[in-house]
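Number of protein chains: 2
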Amino acid sequence: MNISIIGLGLIGGSIGLALRKTHRVIGFDQNPTHAKRAVERGLVEEHVTWPFLLDEADIVILGVPVGAIREMLPFVLDRVRPDAVVLETGSTKQGICEAVSTHPKRGQFVACHPIAGTEFSGPDAAQENLLLGKTCIIVEGQRSSDQAVRVAQDLWKQCGMVILPMEADAHDRSLAYVSHLSHALAFVLAQTVADLPDSDPLDRFAGSGLVSMVRLAKSSPDTWASIFLDNRSHVVAAIEDWSERLEQLKKSISDKNESAIKEFIQKSNTITKRTGAL
Amino acid sequence: MNISIIGLGLIGGSIGLALRKTHRVIGFDQNPTHAKRAVERGLVEEHVTWPFLLDEADIVILGVPVGAIREMLPFVLDRVRPDAVVLETGSTKQGICEAVSTHPKRGQFVACHPIAGTEFSGPDAAQENLLLGKTCIIVEGQRSSDQAVRVAQDLWKQCGMVILPMEADAHDRSLAYVSHLSHALAFVLAQTVADLPDSDPLDRFAGSGLVSMVRLAKSSPDTWASIFLDNRSHVVAAIEDWSERLEQLKKSISDKNESAIKEFIQKSNTITKRTGAL
Chain A
11 MNISIIGLGL IGGSIGLALR KTHRVIGFDQ NPTHAKRAVE RGLVEEHVTW
61 PFLLDEADIV ILGVPVGAIR EMLPFVLDRV RPDAVVLETG STKQGICEAV
111 STHPKRGQFV ACHPIAGTEF SGPDAAQENL LLGKTCIIVE GQRSSDQAVR
161 VAQDLWKQCG MVILPMEADA HDRSLAYVSH LSHALAFVLA QTVADLPDSD
211 PLDRFAGSGL VSMVRLAKSS PDTWASIFLD NRSHVVAAIE DWSERLEQLK
261 KSISDKNESA IKEFIQKSNT ITKRTGAL
Chain B
11 MNISIIGLGL IGGSIGLALR KTHRVIGFDQ NPTHAKRAVE RGLVEEHVTW
61 PFLLDEADIV ILGVPVGAIR EMLPFVLDRV RPDAVVLETG STKQGICEAV
111 STHPKRGQFV ACHPIAGTEF SGPDAAQENL LLGKTCIIVE GQRSSDQAVR
161 VAQDLWKQCG MVILPMEADA HDRSLAYVSH LSHALAFVLA QTVADLPDSD
211 PLDRFAGSGL VSMVRLAKSS PDTWASIFLD NRSHVVAAIE DWSERLEQLK
261 KSISDKNESA IKEFIQKSNT ITKRTGAL
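First to last, the sequence lines map onto chains A and B.
Using the numbering used here, read the first sequence as starting at 11 and increasing by one per residue.
Using the numbering used here, read the second sequence as starting at 11 and increasing by one per residue.
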C-alpha cells in the first residue's frame, strides 16, 4: 500500500515507524525542521510537498492537531482517489465528524483515535512501539464504507492495536474525563508550583509524587489548545464535576472531619478496581 | 548503636533496611500482621513490645502518621535515656514541633522529613534504597542540641540522604504545594474517574497520562488524612490558589480564547526549568 501521513510528530511519526517495513510510507510536515528530521530518522521514506502526497495514496493519515484536522479534512477528501481511505488520529471526534458529515466522499473517511502518547512532541518523540498493545477507538463506523472500515482496522492491527467502536459524543465525553481533564490538572499544577518563590528549592524537595503529577504539563500547547477548544463543552463539564469534589475534600479538611477525609481517600483507592492495570 | 523504630511501614521499614547492616535495629508496630511481616522481611532484627523498645535505644525513630507522632512524642521523650536522640519522619512539622516546644528534653529531639515515598504502604512496601539520593529536611535544628543534630545528620547520611535545613512554617507551606496538593488532586481525580458509568470501559481507553495522574490515589488513608488535618491551613490555601488558576483556564476554554490557552500551557511547560530533573 501507498500510505501518506500528514503531520510527522509523536503520533504520525510513530505510525510511520510501525508501518514502514510493510508499506511505502511518505509524509508531509509544514514545519521544515520537523520534515527534515522525520526523513533523517526514517519515520517516512520520503517527504513529499502538500498536497501532492495525497495523489498516489491508498491510505491518507492525518496526524495534526484536531483544529487542523477539521480544516483540512474536506479538502483531503475532495482530492484523494475514489478508492483511497482517509483516517485521522485526533483526540476529539464530534467536531471532526460534523466537518465532513455531508461530504459526498464521507464513506471513504474513518474517524479514529489511537489512544497512545507521551508528554513529548515532534518527530524525535516518535517511537516504533508507541501504539503496540494500546486501544484504537473507531467512531461512527456506520458512516464509513465497509471497505474503508476494514482497511482502517487492518492498519491499526498492523500497529499492534486493539479496536474499540464508539459513538462520537460518548467518546468525547469519556475522553474529557480520562484524558483531557488530566492534562488540564497537570498544566494548572505545574503553574501553581512554578510560581512558588525562588526561595523554595523545588529541585531539592520535589518527590516522585510531584514528578508524576506534572509529567503531562510538558505536553504541546498547539495539540492541547486545539483539543480543549474542540471538546470544550465536555472539558468544562468535567472540570466543574471535578471542582465540586475538590470543594468537598477542602471542606472536610477545613472542618477537621477526619472520618470524612479518610472515607474520601478510601473511595479514591478503589480506582484500581475500575481500571485494571492502573 | 541501638536503634528503635516505631511504625514499620513504608518509611520506618525502609530506614530499618538501610541501617540494619551497621546497627542493631529493633522495632514496634501496633498492627500485629505488620509486626510479623516486618520481622519476616528482616526490616528489624526483633519486634519488641511498646514502650519497652524505648528503654535501651540510642536513637528512636517515629515512622507513624503525623497525628500519632504529635500524641506519642512527649511520652517518648519522657521515657528515653538522657543521652538518647529522638527523630521523627512526618510530612508536616509545625504541629509536631509545637507539641514538644516546652518539653524539658526538647534538645534530644530532632524534627526530620526524609522526602521519599511511593503510593504503597505497610512493611511490604519498604525498600532498602528508598531514601538513597533523596533530600532529608531538618527543621528547627536550633532547638535541638548540637549532639542530637549531629547524630541525626549522620543517620540520614548513612541512608544516602542529602540534608537541607528549614524552618517549620516554611517547610509546611512548601510541602503543601509540592506534595500535599498533588495527593489531594490525585484523590479527587481518581474519584471523578471511578464514578464514570460502567459503560465507560476505563481499562480499555485510559492512557499513560491518567496512570501517572492517579498513581498517588492509592496512598494510605491514615497517613494522608493525618497530613491534611495537621497542615490544613497551608493545604487549604494551596487548594484555593490552585482553584483560581483552574478557573482561569476554564474561562479561557469557555471563551474560546485560543491564545490565552496556549499561553497558559506554554507557562506550564516551564516547570522543568524550576525543578531540574522533573
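Misleading hints may appear alongside valid ones.
Because identical chains share one entry, a pair is satisfied inside a single copy or across any pair of copies.
[Unchecked claim] Listed below are the simulated DSSO-like cross-link pairs for lysine-lysine, each with C-alpha atoms no more than 27 Å apart in a straight line:
#, residue 1, residue 2
1, Lys-115, Lys-31
2, Lys-46, Lys-260
3, Lys-144, Lys-228
4, Lys-261, Lys-46
5, Lys-31, Lys-46
6, Lys-228, Lys-277
7, Lys-266, Lys-228
8, Lys-272, Lys-228
9, Lys-266, Lys-31
10, Lys-261, Lys-228
11, Lys-46, Lys-272
12, Lys-31, Lys-272
13, Lys-144, Lys-261
14, Lys-277, Lys-167
15, Lys-31, Lys-228
16, Lys-266, Lys-144
Hints are computed from structural coordinates only; laboratory data are not their basis.
A quick look at each hint next to the structure:
With identical chains, the CA atoms of Lys-115 and Lys-31 are never at most 27 Å apart, being 30 Å at best within one copy and 73 Å at best between copies. In the homo-oligomer, the alpha carbons of Lys-46 and Lys-260 never lie at most 27 Å apart, since the shortest distance is 50 Å inside one protomer and 37 Å across protomers. Taking the shortest Cα distances, Lys-144 and Lys-228 sit within 27 Å of each other both inside one copy (22 Å) and across copies (23 Å). In this homomeric assembly, Lys-261 and Lys-46 never come within 27 Å of each other (Cα to Cα): the closest approach is 54 Å inside a single copy and 38 Å across copies.
Within a single copy, Lys-31 and Lys-46 get their C-alpha atoms as close as 20 Å, which meets the 27 Å cut-off; across copies the closest is 56 Å, which misses it. Taking CA atoms no more than 27 Å apart as the test, Lys-228 paired with Lys-277 passes between copies only; the shortest distance there is 10 Å, against 29 Å inside one copy. Taking identical chains as interchangeable, the C-alpha atoms of Lys-266 and Lys-228 lie at most 27 Å apart only when they sit on different chains, with a minimum of 22 Å there against 35 Å within one chain. For the identical chains of this complex, Lys-272 and Lys-228 are inter-copy neighbours only, at 12 Å across copies versus 32 Å inside a copy, given an alpha-carbon limit of 27 Å.
Taking identical chains as interchangeable, the C-alpha atoms of Lys-266 and Lys-31 are never at most 27 Å apart, the minima being 61 Å within one chain and 42 Å between chains. Taking the closest pair of Cα atoms, Lys-261 and Lys-228 come within 27 Å of each other only across two copies (21 Å); inside a single copy the shortest separation is 31 Å, beyond that limit. Taking the closest pair of Cα atoms, Lys-46 and Lys-272 come within 27 Å of each other only across two copies (26 Å); inside a single copy the shortest separation is 54 Å, beyond that limit. For the homomeric pair Lys-31 and Lys-272, neither the shortest alpha-carbon distance inside one copy (53 Å) nor that between copies (37 Å) is at most 27 Å.
Taking identical chains as interchangeable, the C-alpha atoms of Lys-144 and Lys-261 are never at most 27 Å apart, the minima being 39 Å within one chain and 33 Å between chains. Taking the shortest Cα distances, Lys-277 and Lys-167 never come within 27 Å of each other, neither inside one copy (37 Å) nor across copies (38 Å). Taking CA atoms no more than 27 Å apart as the test, Lys-31 paired with Lys-228 passes in neither setting, with 31 Å inside one copy and 42 Å between copies. Within a single copy, Lys-266 and Lys-144 get their C-alpha atoms no closer than 43 Å, and across copies no closer than 31 Å, so neither meets the 27 Å cut-off.
Hints 1, 2, 4, 9, 12, 13, 14, 15, 16 from the earlier list are contradicted by this structure; the remaining hints agree with it.
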